[in-house]
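Chain order of the listed sequences is A and B.
Here the first sequence stands for residues 1 to 249, numbered as in my numbering.
Here the second sequence stands for residues 1 to 249, numbered as in my numbering.
Fair warning: there could be bad hints in the mix.
As the list claims (entries may be wrong) - Listed below are the simulated DSSO-like cross-link pairs for lysine-lysine, each with C-alpha atoms no more than 27 Å apart in a straight line:
1) Lys57(B) to Lys91(B)
2) Lys248(B) to Lys238(A)
3) Lys91(A) to Lys58(B)
4) Lys238(A) to Lys227(A)
5) Lys91(A) to Lys220(B)
6) Lys232(A) to Lys91(A)
7) Lys232(B) to Lys91(A)
8) Lys18(A) to Lys62(A)
9) Lys248(A) to Lys59(B)
10) Lys238(A) to Lys238(B)
11) Lys191(B) to Lys248(A)
12) Lys238(A) to Lys16(A)
13) Lys227(B) to Lys91(B)
14) Lys249(B) to Lys238(A)
15) Lys227(B) to Lys249(A)
16) Lys227(B) to Lys248(A)
17) Lys195(A) to Lys227(A)
18) Lys249(A) to Lys173(B)
19) Lys249(B) to Lys249(A)
20) Lys249(B) to Lys191(B)
21) Lys248(B) to Lys195(B)
22) Lys227(A) to Lys248(B)
23) Lys62(B) to Lys18(B)
24) Lys191(B) to Lys56(A)
25) Lys238(A) to Lys220(B)
26) Lys238(B) to Lys227(B)
27) Lys195(B) to Lys220(B)
28) Lys232(B) to Lys238(A)
29) Lys91(B) to Lys173(A)
30) Lys238(B) to Lys232(A)
31) Lys191(A) to Lys220(A)
Claimed, not checked - Stretch by stretch, here's where chain B covers chain A in the computed footprint (C-beta under 8 Å, at least three residues):
32) 96-104
33) 226-232
To be verified - Chain B side only, calculated, beta carbon under 8 Å to chain A, not exhaustive:
34) Ser41
35) Ser103
36) Gln119
37) Val165
38) Lys169
39) Thr170
40) Gln190
Hints were generated in silico from the structure; no laboratory data involved.
We put the CB at the ideal spot given by N, CA and C, even for glycine.
Listed below are the residues making up each chain.
There are 2 protein chains.
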Amino acid sequence: MNQTIETMLNHRSVRKFKEENLSPEQIQMIVEAAQMASTSSFIQAYSIIGVTDPEKKKKLAKLAGGQDYVSESGHFFVFCADLYRHSLIGKWENADVDDSIMSMEKFMVSVIDASLAAQNAAVAAESMGLGICYIGGLRNNLPEVSELLETPEHVIPLFGLTVGVPDQKTAVKPRMPFQSIYHENSYRHQKDTVKQEMNEYNEAISAYYHERTAGKRSDKWTEQMAKMLQRKSRMYMKEFVEGKNFAKK
Amino acid sequence: MNQTIETMLNHRSVRKFKEENLSPEQIQMIVEAAQMASTSSFIQAYSIIGVTDPEKKKKLAKLAGGQDYVSESGHFFVFCADLYRHSLIGKWENADVDDSIMSMEKFMVSVIDASLAAQNAAVAAESMGLGICYIGGLRNNLPEVSELLETPEHVIPLFGLTVGVPDQKTAVKPRMPFQSIYHENSYRHQKDTVKQEMNEYNEAISAYYHERTAGKRSDKWTEQMAKMLQRKSRMYMKEFVEGKNFAKK
Chain A
1 MNQTIETMLN HRSVRKFKEE NLSPEQIQMI VEAAQMASTS SFIQAYSIIG
51 VTDPEKKKKL AKLAGGQDYV SESGHFFVFC ADLYRHSLIG KWENADVDDS
101 IMSMEKFMVS VIDASLAAQN AAVAAESMGL GICYIGGLRN NLPEVSELLE
151 TPEHVIPLFG LTVGVPDQKT AVKPRMPFQS IYHENSYRHQ KDTVKQEMNE
201 YNEAISAYYH ERTAGKRSDK WTEQMAKMLQ RKSRMYMKEF VEGKNFAKK
Chain B
1 MNQTIETMLN HRSVRKFKEE NLSPEQIQMI VEAAQMASTS SFIQAYSIIG
51 VTDPEKKKKL AKLAGGQDYV SESGHFFVFC ADLYRHSLIG KWENADVDDS
101 IMSMEKFMVS VIDASLAAQN AAVAAESMGL GICYIGGLRN NLPEVSELLE
151 TPEHVIPLFG LTVGVPDQKT AVKPRMPFQS IYHENSYRHQ KDTVKQEMNE
201 YNEAISAYYH ERTAGKRSDK WTEQMAKMLQ RKSRMYMKEF VEGKNFAKK
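Given only the sequences and the hints, what does the whole structure look like? Please build it.
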């Protein structure tokens with residue numbers, strides 16, 4: 001196994017960091033690695049905002065649901081779906097790009113582009129010995145986040161990535177078994193098969209929590225998911241996304 | 001610079017492969033690396049379909065716009081946004097998860113999850129000396145792709161990833177300058193600044209094509225983008241996505 005794959009297999013989210021800012025060189029290297037991810041038809045439909053202003057970081061930490069490790073980390077990146085430049089290009093090149101830019105297809109392209117870039121950033125950071133945590137909590141309140149970061153129309157902050165020198169040791173969380181995530185030639189959708197696989201996975205997850213908490217927790221994965229999905233969270237999203245002129249057509 | 005970052009900075013899409021299938025061990029390692037990417041609230045809202053059936057591969061190559069390197073590669077992966085399991089969990093756990101599953105928020109979560117996993121797969125493959133190319137062309141015709149792969153409701157094939165032993169040497173394509181993609185504390189949306197940056201980038205891209213084609217091409221990036229976005233491609237996507245019960249609420 002090579003170092004790159006070893007880095008990936010050792011991934012765990014880090015939520016406690018030493019008081020040590022990333023250097024400008026580290027930030028630049030992480031962003032350059034992000035930029036080299038594949039991009040659909042070379043569209044590069046994303047932007048990255050690095051937040052260094054202490055006040056803004058505190059506000060973002062609060063908006064993300066009181067996650068201190070947003071402000072108390074070495075650096076905080078925000079990844080955005082971004083077709084703003086492309087909307088301007090339409091005007092400059094005298095091309096009617098409105099339908100494209102407002103299409104569900106290009107919304108997906110920009111979310112995918114931003115995510116591929118972000119994962120390169122995450123793995124690059126981890127390969128440098130840093131720890132990371134994605135901050136989906138930014139989506140709790142995108143109107144305020146957008147105002148704070150002054151993102152224009154055609155730009156949506158999707159998630160944050162908090163990066164720094166780890167100050168905790170966390171465990172690698174066992175993923176779904178290979179045969180549950182990986183299908184060959186056609187999707188195995190038989191409900192009995194899925195149920196049996198999920199039961200087996202439940203046992204693995206229960207055992208993981210049991211061991212990690214000295215018997216205090218033994219959640220099953222399906223229970224966790226049911227509980228989470230019962231909460232109707234961020235139901236403003238469709239209106240917000242369409243209000244930013246994404247996924248309207 | 002470490003090996004992982006070196007691998008990323010050396011990324012270029014490969015579209016011609018040697019006739020050499022990936023081994024089961026290689027496939028498993030790539031999928032396991034993919035699975036270790038971060039996932040929103042541990043939801044793991046994606047699936048990977050490996051296509052090995054030669055007939056299916058040919059059909060997919062055709063559906064993707066006649067891209068032979070889909071069928072003529074070492075392996076072809078399809079990454080799907082997937083909330084099918086979660087819809088079943090709702091029934092098994094007697095939890096009302098319908099609003100969540102049909103929300104724009106969870107659509108974004110599943111597209112992001114699938115993309116983070118895919119980028120780990122891509123980098124893992126490249127770290128093993130393999131070449132890769134993302135196949136967004138699958139989205140040309142998702143109804144037929146879904147039928148071919150037998151994906152149920154709540155599952156959307158997002159893109160393919162073709163992987164194999166490279167049989168061509170391609171050049172690294174210069175990305176947008178660091179200062180154009182990276183903002184500090186707030187988004188720089190001043191049109192004049194963006195225009196000036198894009199003009200500079202146009203020169204870099206023109207020079208790149210000029211050198212690579214011995215003077216035959218000298219496209220500017222903004223021209224490429226305007227031309228691409230003028231085509232109203234895949235405008236069926238919103239109806240298709242909502243028809244699969246994603247992004248409806």
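Satisfaction of hint between Lys62(A) and Lys18(A), Cα-Cα up to 27 Å
holds (20 Å)
If you draw a straight line from the CA of Lys248(B) to the CA of Lys238(A), is it 27 Å or shorter?
holds (8 Å)
For the hint on Val165(B), just tell me whether its beta-carbon gets within less than 8 Å of chain A.
violated (16 Å)
Assess, step by step, whether the Cα of Lys238(A) is no farther than 27 Å from the Cα of Lys227(A), and give holds or violated.
holds (22 Å)
A closest beta-carbon separation below 8 Å is what the hint needs, so does Gln119(B) meet it against chain A?
For Gln119(B), the interface hint holds, since the closest Cβ of chain A sits about 4 Å away, which is under 8 Å.
Take the segment 96-104 of chain A, compare each residue's beta carbon with every beta carbon of chain B, and decide whether three or more fall closer than 8 Å.
holds (count 7)
Quick one, are Lys227(A) and Lys248(B) close enough, alpha carbons at most 27 Å?
Holds, at roughly 21 Å.
Distance restraint between Lys248(A) and Lys59(B), which requires alpha-carbon spacing of 27 Å or less:
violated (31 Å)
Does Lys248(A) sit within 27 Å of Lys227(B), going by the straight-line distance between their CA atoms?
holds (21 Å)
Mind checking the alpha carbons of Lys238(B) and Lys232(A) for me, to see if they're no more than 27 Å apart?
holds (22 Å)
Given the hinted pair Lys62(B) and Lys18(B), is their Cα-Cα distance within 27 Å?
Distance of about 20 Å is within 27 Å: holds.
Proposed interface contact between Ser103(B) and chain A, which counts if any beta carbon pair is under 8 Å:
holds (6 Å)
When each numbered hint is compared with the structure, violations occur for hints 1, 3, 6, 9, 12, 13, 18, 20, 21, 25, 37, 38, 39 and 40.
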